[in-house]
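**Student:** Dock chain to chain to rebuild the complex, using the hints, since each chain is given by itself in its own frame.
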Amino acid sequence: MTPKEDHYYIEEILQGNTRAYEVLVDRYKSMVFTMAIRITKNREDAEEIAQDTFLKVFKALGSFKGESKFSTWVYKIAYYGSLDYLKKKKRVVESDAFDVSEVYNLSSMESVLEDIDRKERLVILKNAIQKLSEKDSTIVTLYYFEELSIKEIAMVTGLTPEVLKVRLFRSRKQLANILHHTLEPEIVESYERE
Amino acid sequence: MKENKEKKLDAFIKQLVKEVALEEPSVGFTKKVLSKIDEASLTTQTTGYTPLISKTAWFVVAVVSISLLIIAAYGNVEFDLSLINSDFFTILSESSSQISLPNISFSNVVVYAALAVGFFAYVQIYLLKKSWIQKEVLY
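Heads up: the sequence lines are chains A and B, in that order. What the first sequence shows, in our numbering, is residues 2 to 195, in sequence order. What the second sequence shows, in our numbering, is residues 209 to 347, in sequence order.
In isolation and in its complexed conformation, chain B is listed as follows (with noise of 0.2 Å):
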């Protein structure tokens, strides 16, 4: 019933709207526009879409890598690795095992309050994207 009610006002906006159809602009109205894009000579910038990095950047990028790789692969290269065959590794390791990191502990107390601040900052996003849409709605 009320379902058949909503078609039947739909159905009756519907042609109304329909027999309203559009508004029309004043007659001289797309020579205007014409006449603006002349005035403002757009017809030079108006330039189709050009991406960042071009086709002949993107095919010289591919050549030197491609080269580059077969030059490694095949070529005679001879690489100079005396810094990582020294004992850089273990040096990294040294040093890094020298710095300590202040030892932190929580309270369970703290814990349960983080956890609980961010519960409730969830809750808060999702009370806030419902008002928003609400104001959609409304205005």
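Pulled out of the complex, with its shape left as it was, chain A reads as follows (with noise of 0.2 Å):
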């Protein structure tokens, strides 16, 4: 059986079944948690803003008129409220700037990634994508795994194509800067075994 459509819970929804929610906010929990992760860097605090999240997306959907995906819609409300929590709290997120010149070799970090321990290298990938900052990393989830457009990323965050495409770029070369520093040992040795 294919899984219904979102436009049929929402429906469903409106006409007083509040059970139906229970599958959108499986559908998009983990993206928006993972939003709000990159964001505040905290899982306690991602966790608080995704509840809040599904609530206002639950009190607003009588006002989703379908012009934009579900998905996307809720995605800006994730994206909005973790920025506000951030301006709440006025917690300022470290992330590392690293200079976008180019020091890595993509062949040698890839080897030396590959050799490492599956588990070990999620935790070296998790990190590098933590240091990115809060809006990069955000963008570069939502571009390289949910795989949205330019167009509908521009939806979500509200700035523009150019701006994101900008934005993109640098961070691909930032986050080989970071890993490069990360996996640095590794690189030199690989080499010295060669």
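It should be emphasised that the hints constitute simulated quantities derived from the structure, not laboratory data. Values in this document were obtained by computation on a predicted structure and should not be read as measured data. Where is the CB? At the ideal position from N, CA and C, for every residue including glycine.
Coverage of chain B stretches by chain A, computed from C-beta distances (three or more under 8 Å per stretch; other residues unrestricted): (1) 224 to 238; (2) 241 to 247.
Between beta-carbon pairs, the in silico distance windows are: (3) B:K226 - A:D27: 14 to 24 Å; (4) A:S69 - B:F267: 29 to 39 Å; (5) B:E247 - A:L107: 49 to 59 Å; (6) A:S31 - B:S262: 33 to 43 Å.
Derived EDC-like pairs (lysine to aspartate or glutamate); straight-line CA-CA distance at most 16 Å: (7) A:K127 - B:E231; (8) B:K240 - A:D53; (9) B:K338 - A:E163; (10) A:K174 - B:D218; (11) A:K166 - B:E344; (12) A:K57 - B:E247; (13) A:K166 - B:D218; (14) B:K216 - A:E111; (15) B:K239 - A:D53; (16) A:K70 - A:E6; (17) B:K240 - A:E49; (18) B:K343 - A:E163; (19) A:K120 - B:E231; (20) A:K174 - B:E214; (21) B:K222 - A:D137; (22) A:K60 - A:E12; (23) A:K127 - A:D137; (24) A:K60 - B:D246; (25) A:K120 - B:E227; (26) A:K66 - A:D7; (27) B:K240 - A:D27; (28) A:K166 - A:E153.
**Tutor:** Structure, rendered in structure tokens:
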């Protein structure tokens, strides 16, 4: 059985079947939670923001007119909710400002990453993404994981397509540089072995 | 060459982000959300989109205006337009001719200065917009 489209459940909810909301929450909770983590860099805060996002979505469901995809609308609420949360708590998320010069060597990084145990590799990769700024790590996840188009990300974040392209270009280089710095000892070691 | 390098980096980052995948919230997340909704008894508050002017109101407005038009066209209606028929417009034009606006003249320097201020205001708008976009890129 193919899963039903979002608007089917939205209609159900608007007609009073609150249980139908369970499906929508299950469908988008991971992405919403991930976005909140990328922005706040904190699991507890992210959990609170994600819950709050789904409450807001539920309350505003009647005003959703279907001009964009339901997911895009939910992500937008999550994105602004997370940024507002940071503002309220007056927390400044620290992100390492890596330069965008190309110090990395892709092929050596790839081979070193392949040799690392999967669990350890995941930790390294997660940490690298978390080191990007809150906006950049969210944009990278929406673009590369969720495979949203630039236009859709622009709808979520309110940034222009030009700005998004620049941010993505810079984030790619920063990520590669962060990984290079993290993996440097292993890369040197692999050179020495050769 | 450079383009090829960019493509390789793009593919590398995509693979990396896909491998990291998404974070999972706590096990009872969905239940917590639903119970919060129940708690706040939000069910009653969730209402569909209601337009400012309801369909019934539009219907009433349409019926009233159509019937007024029909009455005006076919009904036996008499209008008292004595005010317009009298010298209403002549009074109006006479009174306006009595008002004299001051005759203001500007020197060339003032005109050029105003034009220059206008021009630089536009330049400033353009530069400000550019700097805001730059800010969005950075922060």
